[in-house]
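Letter by letter, the chains look like this.
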Amino acid sequence: MLSIKNLTVNVNDKQILKGINLEIKPGEIHAIMGPNGSGKSTLSHVLSGKGGYTVTGGSVTYQGKDLLEMAPEIRAREGVFLAFQYPVEIPGVSNIYLLKAALNSIRKHHGQSEVDAMDFLTLVKEKVRLLEMDEKFLYRAVNEGFSGGEKKRNEILQMAILEPRLCIMDETDSGLDIDALKIVSEGVNSLRSPERSFVMVTHYQRLLDYIKPDFVHVLAHGQIVKSGGAELALELEDKGYSWLEEAAA
Amino acid sequence: MNTAIATAPAPGSLAAYTPSMAISRYAAEYQTIAPALPGQNLPWLQALRATALAQFSAQGFPSPREEEWRYTNVSGIEKKLFAPSLDLTGTDVDAEWLKSYKLEDAWVLVLVNGHFSAELSVLDGLPEAVTVMGMADALAKQPGTVEKYLGTAADQSEHSFIAFNTAWFTDGLFVHVPAKLVLDKPIQLLHIVTGSEAMATTRNIIIADDLVEVKLIETYVGKDSAYLTAAVTEVFVGLNADVTLYKLQSESEKAYHFGGSYIKQARDARFTHHNFAFGGLLARSDIHVDLDHASECELNGLYLGVKRQHIDNHTRINHLKPYAVSRELYKGVLDDRARGVFQGRVIVAEDAQKTDSQMNNRNLLLSDDAEADTKPQLEIYADDVKCAHGVTVGQLDEKSIFYLQSRCVDEETARNMLTFAFANEMVDKIKIKGLHDRVLEQVLARFPQEGVNKEWL
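So the protein sequences, as listed, match chains A and B. Each residue of the first sequence is one higher than the one before, starting from 757 at the first, in the working numbering. Each residue of the second sequence is one higher than the one before, starting from 263 at the first, in the working numbering.
No lab work stands behind these hints: they were computed from the structure. Just so we're clear, the structure is a prediction, and the values are computed from it rather than from any experiment. Treat each hint with caution, since some may be false.
As the list claims (entries may be wrong) - Residues from chain B that face chain A, not an exhaustive set, calculated with beta carbons under 10 Å: (1) 363; (2) 669; (3) 670; (4) 673; (5) 682; (6) 690.
We treat Cβ as the ideally placed atom computed from N, Cα and C, and that holds for glycine.
Construct the complete structure from the given sequences, taking the supplied hints into account.
As structure tokens, then:
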């Protein structure tokens, strides 16, 4: 699904990622953990195509195609979804408008006709119920005035409707109370399938109590310094990051 | 240039005025049109006009040297020498064109080149108690009422456009809604100019007595040519009355527009203004509101400038008495070489304790050559008040663009969506569907609509 080979990335001439290697197969959940400043967010931003990053070396292949060649919206239409750490408020654009615009862009990209209005509404309402959201959210401006938890739930709602192949979740647990964390996790778990892969970028192990990863990678100083199974997260919870950082430095 | 200062002649002595003293060519032309202006038999009006003429003659049109006009240069008006129509003779109005601006489900008063046309107006079913007529008719039929109100909300010493209007107005509209009446349909004041190099100088008076509820829509349009609109509207909102005034300024792209709205609110009165400034080569709007005890006003504005348009909005809110509330939000979208000006003043008098005021101006610049000049001013003389103001001038937020891109929307569409959304916040405030749809159409026509699917709105 995704193959990252020796990826190096600069921000303002400073090297942030120093040779990342990662293989993600369909259906797998990979957790990327690491202390602040380790390059976690840079990795998720580079994968989704955000500006301000210069790829200086290496490659990223997504479903056999060069991901880095694609504009952000093409990546999204090809099935790469970034769940933002800080979802952006878009006053004046309603949630339902954006969902429809996004879904139709994907359909058009794959040569399909626009979604039927009734089918769309049925789909959206079903997903809204799943995430225990109020239908009124659909008609409110995207994320405007939403609480932290509501914003994160809204990200998962978009994910549930757009049905991406690769979900990159950037610090999804930040700003969530325990109830919201449960709802968000259940939403994510319900989306797990043999064709869909997840990259979960997180500082804390807490989210991984609810969404069990297949692999855990520790990022420090721009490199993956250790990889393991779900049990590695627990070890990190116990021992912190310093022992690995020192090893990397 | 002759800069001699004319002194005000004695009231009623229009003839005593010597045109050669004028610094404005308009003043020199005045004698040729004066006999055709309405209200010849009313000494009080003749005196008012004489004073106004003297003031205008001494100053000419406002100059950028005046603080309240520093960003707006109207010298083009002086260069053009637009000519007023003295009556409706020979005026041909394209019915289909006019129809496209008339709102359905509204009473419509039509002013053509500065003159009320009963023939083109639609007043079927208007309650008999409501007085609606041309200003010239009102001066003939109800001179006492007009005298009581004319010039009491608009202060002609404010600047010479008001004086110009007072001296030159050829007609206008007079609307009087008696106490306790709630009108179920809006009244549209449709101001059209059909002539090239023409000038339409109109004076409107709107009186909403105590407990009245009424919605009015001023629409300014013109045939595609250079002309001048100089309109002054005085609005009187009675005790506990509720007046909503929409202004849709869609003048031709070569036109000059001055429109002043001057509002006096009585105790507990509510006034809402929605100012959509879309048209004109150079357009200036003044909105002044006087707030009495516990009255409330809401001023909303949206100005959209393209090409070389210059759009100036100037608001002033006078908190004169305690407990009044004012809310103001003006948004501007400026593209190409357009320039937008916002000057907002809130003045809280010493007596106006417990004033609650918020003013906000937000500007979106879509090109490197567009310009926004914004100047919010708070002048507070009371000590127990809550006043806030905020201003932003900027480009589209790159974070928002990337967010939309990450949701499959291409960059250009994302920019269009965000621009539209920025403006649409103001359009969404329109409570009259027919008007809402027309304004929306105009917003979409002015900005690239690619990707903004109307059916989804």
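Hints, verified against the model:
1. 363: Not OK, violated: residue 363(B) not within 10 Å of chain A, min 26 Å.
2. 669: Interface hint status for residue 669(B): holds (4 Å vs cutoff 10 Å).
3. 670: Check passed: Cβ of residue 670(B) comes within 4 Å of chain A, closer than 10 Å.
4. 673: Cβ of residue 673(B) sits 7 Å from chain A, so the hint holds.
5. 682: 7 Å, holds
6. 690: 8 Å, holds
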